[in-house]
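Protein chains: 2
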Amino acid sequence: MLPKTGFEMDRVLQYHMGWRNEQGEALDTPEGQGKALRPALCLFGCHALGGDWNKALPAAAALEFIHNFSLIHDDIQDGDIERRHRPTVWYLWGPGKALVSGDAMHCLAYQTAMGLKEKGITQERALRVSQSLVESSLAMIEGQCMDLDFENNLTISQNQYLDMIRRKTGALITCSVQIGALLGSEDPSHEEAFIEYGVRLGRIFQVKDDMLGIWGYEHQTGKSAGNDIRRRKKSYPIVYALENARPKARNEMAAIYQKKSLSEGDVENVLAVLEECGARRQAQSLIEAEASSGLRSLEGLPLHAWAKQEAEELIDFLVNREY
Amino acid sequence: MLPKTGFEMDRVLQYHMGWRNEQGEALDTPEGQGKALRPALCLFGCHALGGDWNKALPAAAALEFIHNFSLIHDDIQDGDIERRHRPTVWYLWGPGKALVSGDAMHCLAYQTAMGLKEKGITQERALRVSQSLVESSLAMIEGQCMDLDFENNLTISQNQYLDMIRRKTGALITCSVQIGALLGSEDPSHEEAFIEYGVRLGRIFQVKDDMLGIWGYEHQTGKSAGNDIRRRKKSYPIVYALENARPKARNEMAAIYQKKSLSEGDVENVLAVLEECGARRQAQSLIEAEASSGLRSLEGLPLHAWAKQEAEELIDFLVNREY
Numbered sequence: 562m563l564p565k566t567g568f569e570m571d572r573v574l575q576y577h578m579g580w581r582n583e584q585g586e587a588l589d590t591p592e593g594q595g596k597a598l599r600p601a602l603c604l605f606g607c608h609a610l611g612g613d614w615n616k617a618l619p620a621a622a623a624l625e626f627i628h629n630f631s632l633i634h635d636d637i638q639d640g641d642i643e644r645r646h647r648p649t650v651w652y653l654w655g656p657g658k659a660l661v662s663g664d665a666m667h668c669l670a671y672q673t674a675m676g677l678k679e680k681g682i683t684q685e686r687a688l689r690v691s692q693s694l695v696e697s698s699l700a701m702i703e704g705q706c707m708d709l710d711f712e713n714n715l716t717i718s719q720n721q722y723l724d725m726i727r728r729k730t731g732a733l734i735t736c737s738v739q740i741g742a743l744l745g746s747e748d749p750s751h752e753e754a755f756i757e758y759g760v761r762l763g764r765i766f767q768v769k770d771d772m773l774g775i776w777g778y779e780h781q782t783g784k785s786a787g788n789d790i791r792r793r794k795k796s797y798p799i800v801y802a803l804e805n806a807r808p809k810a811r812n813e814m815a816a817i818y819q820k821k822s823l824s825e826g827d828v829e830n831v832l833a834v835l836e837e838c839g840a841r842r843q844a845q846s847l848i849e850a851e852a853s854s855g856l857r858s859l860e861g862l863p864l865h866a867w868a869k870q871e872a873e874e875l876i877d878f879l880v881n882r883e884y
Numbered sequence: 562m563l564p565k566t567g568f569e570m571d572r573v574l575q576y577h578m579g580w581r582n583e584q585g586e587a588l589d590t591p592e593g594q595g596k597a598l599r600p601a602l603c604l605f606g607c608h609a610l611g612g613d614w615n616k617a618l619p620a621a622a623a624l625e626f627i628h629n630f631s632l633i634h635d636d637i638q639d640g641d642i643e644r645r646h647r648p649t650v651w652y653l654w655g656p657g658k659a660l661v662s663g664d665a666m667h668c669l670a671y672q673t674a675m676g677l678k679e680k681g682i683t684q685e686r687a688l689r690v691s692q693s694l695v696e697s698s699l700a701m702i703e704g705q706c707m708d709l710d711f712e713n714n715l716t717i718s719q720n721q722y723l724d725m726i727r728r729k730t731g732a733l734i735t736c737s738v739q740i741g742a743l744l745g746s747e748d749p750s751h752e753e754a755f756i757e758y759g760v761r762l763g764r765i766f767q768v769k770d771d772m773l774g775i776w777g778y779e780h781q782t783g784k785s786a787g788n789d790i791r792r793r794k795k796s797y798p799i800v801y802a803l804e805n806a807r808p809k810a811r812n813e814m815a816a817i818y819q820k821k822s823l824s825e826g827d828v829e830n831v832l833a834v835l836e837e838c839g840a841r842r843q844a845q846s847l848i849e850a851e852a853s854s855g856l857r858s859l860e861g862l863p864l865h866a867w868a869k870q871e872a873e874e875l876i877d878f879l880v881n882r883e884y
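Listed in order, the protein sequences are those of chains A and B.
Using my numbering, you'd call the opening residue of the first sequence number 562 and step up by one each time.
Using my numbering, you'd call the opening residue of the second sequence number 562 and step up by one each time.
Hint data in this document are derived by calculation from the structure and do not stem from the laboratory.
Mixed in with the good hints, there may be bad ones.
Which copy? The list can't say, so a pair holds if one copy fits it or any two copies do.
To be verified - Listed below are the simulated BS3-like cross-link pairs for lysine-lysine, each with C-alpha atoms no more than 27 Å apart in a straight line:
1) Lys658 to Lys820
2) Lys616 to Lys678
3) Lys658 to Lys869
4) Lys820 to Lys869
5) Lys821 to Lys678
6) Lys869 to Lys794
7) Lys596 to Lys809
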């Protein structure tokens with residue numbers, strides 16, 4: 562499915578996608594694959610509105626490639642040596658090769674989307690899909706940049722945080738359902754409703770991810786519990802606590818977050834502050850409120866019963882997932 | 562001209578383009594700008610074939626952005642702290658910010674190209690331009706990847722080397738004249754002739770660049786003489802010498818190229834080997850042969866006298882440039 566680029570780079574990209582092992586051997590059963598959330602959303606959007614999801618496949622693949630390009634680059638930036646229980650690309654091939662491989666994956670995404678023409682999609686729509694992919698990719702990168710800016714900032718408000726994740730994670734998720742709707746229906750109001758639904762999904766997805774980064778279990782998420790605290794990530798529960806914990810607890814937490822590296826005792830202390838100020842409860846009620854809004858946004862649409870049910874189950878999955 | 566992305570990233574990108582200083586202040590006179598070779602080639606191709614070059618501006622800008630995205634990432638990879646007499650982006654803002662800024666510039670290139678629609682270019686052509694940009698960008702990245710693979714290889718043939726630069730540098734230069742021709746003429750034979758011309762330009766450009774990297778002068782190129790030897794780059798004269806020097810000289814050179822870091826004496830020795838085996842003469846005659854072929858490829862075209870003259874002067878400039 563990944564177009565051939567030639568040379569070792571193919572092997573690197575196919576390794577990252579879980580289709581080859583690090584020796585370059587093709588795998589019968591892919592390993593370390595992601596949830597393929599974005600392509601699923603795209604195909605669902607198209608199918609739910611009565612379109613032929615087969616025609617949306619190039620766009621769905623493009624979305625997954627954009628997501629994976631960003632993961633390859635993120636892993637370099639964060640110095641992560643493992644993703645989905647496998648060594649990361651930069652760790653195996655070095656940061657230089659990982660940098661260009663990520664760039665190649667970024668190109669392949671747009672190239673793949675151009676395959677829409679061969680699926681009988683009009684040029685006007687194919688161009689709109691390309692434009693949406695580029696714009697959401699750019700928004701995602703802006704979000705990554707804001708996230709980097711937040712690293713040395715202890716006074717981020719919840720609103721600033723939600724604005725950042727709307728770009729960093731939300732943009733591509735929203736784009737996924739939007740493109741699906743665009744390819745499945747000619748009615749612009751359908752596209753708008755799906756955009757609204759996508760914005761909610763994005764927020765639920767990221768805040769849940771933040772919760773799992775703190776309270777998740779390693780064997781399920783591929784990350785260790787408390788991991789995001791250890792790395793001093795300013796995820797939603799932390800931002801909430803820094804805004805809402807009692808002054809003494811807040812100051813203690815701020816001091817911990819200014820350290821170069823954290824002890825296990827520090828991690829325990831932060832976990833205690835989060836518990837005390839209700840950060841976990843707040844995160845959970847935020848995603849539940851978003852879930853209700855997300856479902857409401859689809860109410861006016863002419864969806865079949867199965868599609869309504871899928872849309873609900875998808876939200877339920879994102880709200881309750883443990884990995 | 563660079564579309565707004567928001568946040569500090571804009572400042573970083575505009576700094577790289579030479580439009581702002583490192584404090585983020587807008588500059589009346591841009592500093593450290595490149596030669597803008599690719600946009601010039603694109604506008605020339607369009608104008609030479611009787612098209613309105615104004616309409617090609619979004620594509621011309623996109624080409625320059627793709628080139629600059631690759632420079633931002635190259636500088637991280639190579640650890641270069643200076644480009645065009647100014648500190649590099651990663652050196653000022655760190656590799657993480659430079660990585661995402663380069664990614665953003667990559668997106669902005671495709672986004673800018675979509676402005677062709679507003680210039681009255683048909684959707685079919687706008688899509689072909691986007692496709693060509695993505696494909697040449699991918700080829701460029703493949704070339705970078707091959708170049709990385711060559712680093713630890715002392716037995717690269719001239720043909721392998723020429724294949725690598727056809728991608729790494731040639732693809733985007735060829736794409737520049739091709740897109741110009743595509744926007745300037747409806748005759749596919751014109752596009753083909755310009756592609757052939759572009760392939761020659763690309764080769765001349767890179768081999769000349771290789772010569773300047775070894776025998777250029779710092780105040781003219783922004784790079785110090787012998788610089789590419791010091792960095793053990795496998796540029797064309799080196800590849801030629803490793804293939805053609807007498808065995809003793811070849812072995813000496815191979816030994817030097819396997820060292821972790823080179824002394825000034827090593828650099829002098831390599832320069833002597835290059836001189837002795839005629840690597841400089843060979844590089845010069847290669848680019849002169851390419852110059853003749855390049856001019857021949859335009860012979861059958863209905864170009865005005867001014868355009869023929871420009872095409873010749875451009876080749877002369879690339880063959881003889883000192884910076």
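Just pull the numbers of the violated hints for me, sorted ascending. 3, 4, 5, 6 and 7
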